[in-house]
Amino acid sequence: MALYTADWTPLGKNVYYRKIELYAMQWEDQVNLSDFVIAAAPFGGPIALTQDRKKLQKVQFVNKSNVYIFSASGQAISTIKWNSGPLVHMGWSSSEDLVCVLEDGSVLLYDLFGNLTKTSSMGQDVKDTKVLECRIFNSPKFYTGIAVLTGAFNIFLVNNIKDPRLRKMASVPGLDAPPSSWAVLPEERNTKVLVAKDANLYMLSQNEGKCVQVFPKFNNPINAITEITVSCNSQHIALFSDNGALWMGSASLEKKYCEFETQSKARPQQLVWCGNGAVVGIWQVEVENIMLVIGPEKDFMNDIFYTPVHLVPEIDGVRIISNTSHELLQKVPEAVADVFRIGSLSPSAILLEASNEFRRRSHKADEYIRMIREKNELEEAVQCCLKAAGHEFQPSTQKMLLRAASFGKNFIPDMDPEPFVQMCQTLRVLNAVRVNVIGLPITYTQLEFLTIPVLLDRLVLRRHYAYAICICQYLKIPDTEGASRILDHWACYKVKRTNLDPEQTARDIAEKLGTTPGISYAEISNKAMDYGHPSLAVKLLDYETRASEQVPLLIKLKQETQAMVKAIDSGDTDLIYSVIRYLKTTLSKGDFHMKIRQFPVAHNLYLKLCKEQDLELLRENYFQESDFNSEGHCYVIESYQTQRIEKHTSALQEALNSYKKAKNDFGTQITEEQLKLSKYQNTYEEKFHESFKHLSLHQTMKQLLIHREFKHAEELRKEFKVPDRRFWWLQITVLADGGDWLELEKFSRSKKSPIGYEPFVDACVKHDNVYEAKKYLSKVKEENKVKYYIKAGLLEDAAKIAFERKDIVALNQIQSLCGVMDRTISDKITSWKSQLSSKR
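If you use the numbering used here, the sequence shown corresponds to residues 1156 to 1995, in order.
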């Protein structure tokens, strides 16, 4: 096992660190890191370089005003020609946007290819006092934040650059010069800032808005804390003092892990955490760069570099970037240590040995397997070998460990094969993205933290669409979550850069994407429009199958006719109305009406909308079409929507004129009669001081009768030739409802009733007035008398009339209506029935 542990260095009891070479940098002949300011993204992300303006030396091959972006393997990605003002600080967001903070507090976001994607500001106060220093940090929720120190020695904080909300932190007492050091301590709900004013350390809390002094305990007095670094998980802090002491402890500063004497009073060029278990510092001594790795138990290891180096903290280690190489320093994972540690007797180490012996066809393989099985540790050994394979970078070592796991798995029939399959798949993905051309040297631990979807997003950001799709297909990720989404990004990229014929480009995209589930041609079309290719956007929309997506974009592209056709074909009235509203707001009245008439379905819907919301518009439309009959209808509806008499009359007069133009005799006649009725109603309103507005003729007469204005009611009857039968029914009902029985009787004697006297009885019975009903029963037609006597509840009288008529059926009906209290009547009916039966 010595071969696999040659690069291991102990750092405490049973703790080892190893350095893995990731890449030989492709920029080797172009870049000298000592001349640049460097910003490298975590999780194996890209590297940004810009000329260090504090140094006087010039670099011959590079314009010092540019920002250069490289992959982790040193492959050039893009160049940003810098002309945006003094750059104070740059770093990377959690979504791999390059964040550039300017002296005036402006924040510029660039993508990997140097395209400006967003600008924001840290506020007027920052702009007025200028930015002295800046810290870019990632919060536990994977947001990226910015903290700046201004010329007024105030600290301003933004927790999320995607949704910037500026907060001013509490002031540090007596701070009249830049602090000796400061750092951001990201927390989920309460980001804090640690500020060192010489030997005094203060904690500024975002939510509490106050400054609290904290007291980390150093073994010896110090004059200043010159460097502060926070671990990736925000749980640990390291402080470096001017006397060379390195203090390590918890983020609350209440627990001290150790204090290490570095023997160097010089401020380190960089001080970062290696994962969450050790601190790494770089000091320059003449031409050498000394790296010191310090553990929480005061154990240490060192290394010497003869070229400038830059440290990039990771959740499970630290990346070391130099002019020539890119390495990863990390704590040896427990699974790997268990397998490869010299003298290890762990089940996984024995399983690996058994696998190797089996390949040599040695009987020792059986002995080793038996040793593990006797202790029931075989499954544990298999799992450990799988984990160890995940943490290895060399494919040969991965295969050896996977063979060991597969060998052990054969002796456990019931073991779930899924973890083994998943690890094989994961390793193939990791090996694929680690190659130089991709330059994503993420570890297994980092991939678990990021997840596969995020890894795919990062491949898409780098425009490695084919790689991303192959990974989706290999992992059998559903198209809607994988290939479709990636193809969508590819299409958006293609429409951005295209200089080809729009029709040909749209066809190429459609041939590539087809009807893949999850593809939105509308979204691609929208991107084409944003990039200034409207013709291409229109062509792409021909391939969009969802009208709800097509129509709004066609409207946006000012393709009104096509938008209307698509909306009508969809049968969605809401879409049709959306096009109508757009046409109405953008075209003149004449042009709008001409346009809308080209589409009968849309025209009818427009008329319906006007009828519900704007009658005047509807009337104008009918006027333009010379549809005088419909215009008249509009005027009639308008007349009933106003409460003002003059407007009501005016609208009716206009309706009359329209009906005359339309030669609508019926409409003309009833409108004239309505005008005549309106005049009468106006007279009644003035006379009786009561509203007669919008009442029909029947309602008007009823209102007059209720107020006992019989002459006026009679006047209306004659004027409008109301039939006697209708008028008598109305007057009977009104008088009965009003309880005016005397007037009802008087009215019944005025002349012979054209509707008979049954309605008089009905009206009386309705109001339970049998006494009045008796007055009219004698006048009821003979064939109806029995029925109406029964209605009035006069069963005995009804029975007598039925007996006189010898109507046994009627007698039976009356008898069935007799209750307990009507036994006498029932007996009489029985007797009469007997008499009638005997005569037959």
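No lab work stands behind these hints: they were computed from the structure. Just to be clear, a hint being listed does not mean it is correct.
Once the Cα atoms are required to be at most 16 Å apart in a straight line, the calculated EDC-like pairs of lysine to aspartate or glutamate come out as [stated by the list, open to error]:
(1) 1921 <-> 1892
(2) 1946 <-> 1913
(3) 1929 <-> 1913
Hints, one by one, checked against the model:
no., hint, in the structure
1, 1921 <-> 1892, "holds (9 Å)"
2, 1946 <-> 1913, "holds (11 Å)"
3, 1929 <-> 1913, "holds (11 Å)"
Every hint, counting from the list given before, is met by this structure.
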